[in-house]
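Listed below, chain by chain, are the residues.
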Amino acid sequence: MKRRQFLGLLGAAGITATLGTTAQAASGKSFDGYPDAKGVLFDSTRCIGCRKCEAGCNKVNKLPAPAKPFDDLKVLDTERRTDAKTYTVVNKYAGKKGPAFRKVQCNHCMEPACASVCFVRAFTKNPDGSVTYDASVCVGCRYCMVACPFNIPAYEYNDPLTPRVMKCTMCHEQIAKGELEAPGCVGACPKEALVYGKRKDLIEVARERIRRNPGRYQDHIYGEKEMGGTNWLYLSGEEFKSIGLREDLGTTSVPTMTSGALSVVPMVAALWPALLGGVWAMNKRKDKVAEEEQKAAVKAAKDEVKAEAAAKLAKELEKAEKDKAQAIEREVKRALEEAAAAKKDEEGA
Amino acid sequence: MSTESNKSLFTPVNIITGIFLAIGLVITVLRFTKGLGYVTNLDDNNPWGVWISFDLLCGVALAAGGYTTSSACYIFGLKKYHSAVRPAILTAFLGYALVVFALHYDVGRPYRLPYPIFVQPGTTSLLFEVGLCVFLYVTVLAIEFSPAVFEWLGMKSLRNKIHKLTLALTVFGVILSTLHQSSLGALYIAVPSKIHPLWYSPYLAILFFVSSIPAGLSMVIFEGTLAHKPWHHMMDKTHLDEHEGVILGFARGASIALAAYFAVKLVALAADNNWHYLATGWGAWYLVEVLGFVALPSLLYAIGSREKNIKLIKWTAALTVFGIILNRFNVSMVAFNYQLPSSQRYFPSWMEIGISIFVVTLGVTIYRFIVSRMPIFFEHPEYKDAH
Numbered sequence: 005m006k007r008r009q010f011l012g013l014l015g016a017a018g019i020t021a022t023l024g025t026t027a028q029a030a031s032g033k034s035f036d037g038y039p040d041a042k043g044v045l046f047d048s049t050r051c052i053g054c055r056k057c058e059a060g061c062n063k064v065n066k067l068p069a070p071a072k073p074f075d076d077l078k079v080l081d082t083e084r085r086t087d088a089k090t091y092t093v094v095n096k097y098a099g100k101k102g103p104a105f106r107k108v109q110c111n112h113c114m115e116p117a118c119a120s121v122c123f124v125r126a127f128t129k130n131p132d133g134s135v136t137y138d139a140s141v142c143v144g145c146r147y148c149m150v151a152c153p154f155n156i157p158a159y160e161y162n163d164p165l166t167p168r169v170m171k172c173t174m175c176h177e178q179i180a181k182g183e184l185e186a187p188g189c190v191g192a193c194p195k196e197a198l199v200y201g202k203r204k205d206l207i208e209v210a211r212e213r214i215r216r217n218p219g220r221y222q223d224h225i226y227g228e229k230e231m232g233g234t235n236w237l238y239l240s241g242e243e244f245k246s247i248g249l250r251e252d253l254g255t256t257s258v259p260t261m262t263s264g265a266l267s268v269v270p271m272v273a274a275l276w277p278a279l280l281g282g283v284w285a286m287n288k289r290k291d292k293v294a295e296e297e298q299k300a301a302v303k304a305a306k307d308e309v310k311a312e313a314a315a316k317l318a319k320e321l322e323k324a325e326k327d328k329a330q331a332i333e334r335e336v337k338r339a340l341e342e343a344a345a346a347k348k349d350e351e352g353a
Numbered sequence: 013m014s015t016e017s018n019k020s021l022f023t024p025v026n027i028i029t030g031i032f033l034a035i036g037l038v039i040t041v042l043r044f045t046k047g048l049g050y051v052t053n054l055d056d057n058n059p060w061g062v063w064i065s066f067d068l069l070c071g072v073a074l075a076a077g078g079y080t081t082s083s084a085c086y087i088f089g090l091k092k093y094h095s096a097v098r099p100a101i102l103t104a105f106l107g108y109a110l111v112v113f114a115l116h117y118d119v120g121r122p123y124r125l126p127y128p129i130f131v132q133p134g135t136t137s138l139l140f141e142v143g144l145c146v147f148l149y150v151t152v153l154a155i156e157f158s159p160a161v162f163e164w165l166g167m168k169s170l171r172n173k174i175h176k177l178t179l180a181l182t183v184f185g186v187i188l189s190t191l192h193q194s195s196l197g198a199l200y201i202a203v204p205s206k207i208h209p210l211w212y213s214p215y216l217a218i219l220f221f222v223s224s225i226p227a228g229l230s231m232v233i234f235e236g237t238l239a240h241k242p243w244h245h246m247m248d249k250t251h252l253d254e255h256e257g258v259i260l261g262f263a264r265g266a267s268i269a270l271a272a273y274f275a276v277k278l279v280a281l282a283a284d285n286n287w288h289y290l291a292t293g294w295g296a297w298y299l300v301e302v303l304g305f306v307a308l309p310s311l312l313y314a315i316g317s318r319e320k321n322i323k324l325i326k327w328t329a330a331l332t333v334f335g336i337i338l339n340r341f342n343v344s345m346v347a348f349n350y351q352l353p354s355s356q357r358y359f360p361s362w363m364e365i366g367i368s369i370f371v372v373t374l375g376v377t378i379y380r381f382i383v384s385r386m387p388i389f390f391e392h393p394e395y396k397d398a399h
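Protein chains in written order, with the working numbering: chain Y, 5 to 353; chain S, 13 to 399.
Incorrect hints may have been included.
[To be verified] Under 7 Å between C-beta atoms, here's a sample of chain S residues computed to sit facing chain Y:
| no. | residue |
| --- | --- |
| 1 | Asn-57 |
| 2 | Pro-59 |
| 3 | Gly-120 |
| 4 | Tyr-127 |
| 5 | Pro-128 |
| 6 | Phe-130 |
| 7 | Gly-143 |
[What the hints assert, rightly or not] Subject to a maximum C-alpha distance of 20 Å in a straight line, what follows is the list of computed EDC-like cross-link-like pairs (lysine to aspartate or glutamate):
| no. | chain 1 | residue 1 | chain 2 | residue 2 |
| --- | --- | --- | --- | --- |
| 8 | S | Lys-46 | Y | Asp-87 |
| 9 | S | Lys-206 | Y | Glu-115 |
| 10 | S | Lys-91 | Y | Glu-183 |
| 11 | Y | Lys-89 | S | Asp-56 |
| 12 | S | Lys-206 | Y | Glu-251 |
| 13 | S | Lys-46 | Y | Glu-160 |
| 14 | S | Lys-92 | Y | Glu-295 |
| 15 | S | Lys-241 | S | Glu-254 |
| 16 | Y | Lys-63 | Y | Asp-205 |
| 17 | Y | Lys-89 | S | Asp-55 |
| 18 | S | Lys-206 | Y | Asp-252 |
| 19 | S | Lys-91 | Y | Glu-295 |
| 20 | S | Lys-91 | Y | Asp-291 |
| 21 | S | Lys-206 | Y | Asp-87 |
| 22 | S | Lys-46 | Y | Asp-163 |
| 23 | S | Lys-92 | Y | Asp-291 |
[Said to hold, decoys possible] Per the computed footprint, the stretches of chain Y lying under chain S, defined by three or more beta-carbons under 8 Å from a beta-carbon of chain S, are:
| no. | region |
| --- | --- |
| 24 | 133-145 |
| 25 | 155-162 |
| 26 | 260-267 |
| 27 | 280-291 |
Please keep in mind that the hints were generated in silico from the structure rather than gathered at the bench.
Since the model is a prediction, treat every value here as computed from it, not as a measurement.
Every residue, glycine too, gets a C-beta built ideally from N, C-alpha and C.
Next comes chain Y alone, as it looks inside the complex:
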């Protein structure tokens, strides 16, 4: 490999490696969620697993009737997740203090993974705290489902041409229209295991419950910080992981995780043309220099040959001249000698 080529490649490798830091375009600012955003506090210690919330959700969202009726509690024996016909489910877990229940639905992240990864902006984080989906632009790539750390969005896999992503909306539309004051599930709960209100206030309520009953609760509000914070919050008497809530998700939101990779994009577009163009120009110049050097070398060789030939010619000419002079001299000498001899002969005769 030629030196220039090597330098070119080295430069290319170096720049690639140094990229990949996080862009902080508007740094100093962080989004702490809409100030008046609402949320729901779910208290697992109050939940009795009656599935009334599931029924309430089904009704207000006009979802299809389930295979087994909502008062069939045997359903709780197997762990379930949300699906295309179900925005929320209650699961039963064997806790240390007896059976524990946990309601599953969209957690309405403060910085939603689904919204940040959607390439047609089909998801919206609304000022009321809810995360809603617009089927009219959805392409159906299902990246939102891949990205959701809570495995919430579901898909209408059996619709061949117009499938939708299905998930809880925190009854955004019904509440905005005034049809409901709180989400369907909250309104249906007979045990006040669900409370709808401002997220800020809900955190206070949750802290207060923990303070008053430290033995009853885990000292943690799940969703306060998880994945950057969620508008649905959880209190539990059991460890959160034992009621199906992952404790290893961390507090970094998905948009923060991907911002580094996104920040590289404009840099590649900005630097690559100069870098690649530079490598090209160096190689082009190298070729040109090589060509010129070759030409110069050829010329020098030619000149040398010419000079040599000229010198040889001059030498030959000189030699010839010399020879000629010598010959003349010889001839003159001989003529003189002959003349002298003739004179001698004449004198002798």
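Given chain Y's structure and the hints, the job is docking chain S onto it.
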């Protein structure tokens, strides 16, 4: 199998091709009448299956021969690889075209595929970047490939006009390739909680980009080997003379690129301090991938190019290609959703695999059609000294 129009069409290769295409067409009808649920094993926990892992991730990585070969020849000044450029551009173009084609099966509403670019772009999504770059790069590849078509059709002035754009197209192609090759890895940066730590890394973008280079170079070697016998008669003297040089040079390049990839893999492992996972079952599988399909081919390539052992290089190319497929499968399927119980894990249905085979068969068939007609393995006599 090429231009012999008087021979029977029913050669073994053609019969197998026909069977694969027929099965594919049947599954196509089922996909668009009964839906994804009927033909795939996808579910709410496993929204991406083999069509993403193979058709998209592997398809794009293995089509990297286009930008690696053209940049080696036109930007890095390695003119002795000129005869390898056209076959590589053709494969890349077909590869990307088929990636786009295959996506029509996977997305729920394929008729909306232009939406992210023309209707409502979601610029915070890495998938948007992938979509935009793939869209632009398919266009670039089509233009880069078009001179072959114009030479074939005898459209001289158009061919010469486009030929002048070669350098600009090559640079643009490398930019786009850098971006979308890396972004395919970056898609998974969003899901640290669902991918086993040995395969998850904040460096996924760099890992995918760096590994695309040996993938592309190995595909050029691999495919050159496959094409050599059936189309030997289509190859001109330059192509045949340069063939061995291309293999040796690309082997050396792939060896270095794999070594670099190995280094990035180590950095990723060390950066997250994931060493302790190496002692687990996942660790054993990780070591199989990294030692058997990254370090080993790097070494074999080095030996092959040093000893001018063409046969060894060809086998190493196959090993590398397989290793890249293994890596993409590991990230997107094997290590994906590792936290779920095995009953909730995904395995492709036969119909999903059928479509993947259908897509590959389609690609091979179009490739066969083109190389037996257009100036791919030979230079068109009218444009011999035109580069």
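Evaluated hints:
1. Asn-57: Status holds, d = 6 Å.
2. Pro-59: With a minimum Cβ separation of about 4 Å from chain Y (threshold 7 Å), the hint on Pro-59/S holds.
3. Gly-120: holds (2 Å)
4. Tyr-127: holds (5 Å)
5. Pro-128: At 4 Å from the nearest chain Y Cβ, Pro-128/S passes the 7 Å test, so the hint holds.
6. Phe-130: violated (10 Å)
7. Gly-143: holds (6 Å)
8. Lys-46/S with Asp-87/Y: holds (19 Å)
9. Lys-206/S with Glu-115/Y: holds (18 Å)
10. Lys-91/S with Glu-183/Y: Violated: Lys-91/S and Glu-183/Y sit about 72 Å apart, past 20 Å.
11. Lys-89/Y with Asp-56/S: holds (12 Å)
12. Lys-206/S with Glu-251/Y: holds (13 Å)
13. Lys-46/S with Glu-160/Y: holds (12 Å)
14. Lys-92/S with Glu-295/Y: holds (17 Å)
15. Lys-241/S with Glu-254/S: holds (16 Å)
16. Lys-63/Y with Asp-205/Y: violated (28 Å)
17. Lys-89/Y with Asp-55/S: Judged against 20 Å, a Cα distance of about 13 Å means the pair holds.
18. Lys-206/S with Asp-252/Y: holds (11 Å)
19. Lys-91/S with Glu-295/Y: holds (15 Å)
20. Lys-91/S with Asp-291/Y: Answer holds: Lys-91/S to Asp-291/Y is near 11 Å, not above 20 Å.
21. Lys-206/S with Asp-87/Y: Status holds; Cα separation ~19 Å.
22. Lys-46/S with Asp-163/Y: holds (7 Å)
23. Lys-92/S with Asp-291/Y: Answer holds: Lys-92/S to Asp-291/Y is near 14 Å, not above 20 Å.
24. 133-145: holds (count 5)
25. 155-162: Per the Cβ count (7), the hint holds.
26. 260-267: holds (count 5)
27. 280-291: holds (count 8)
The structure fails hints 6, 10, 16 (numbered hints given earlier, in ascending order).
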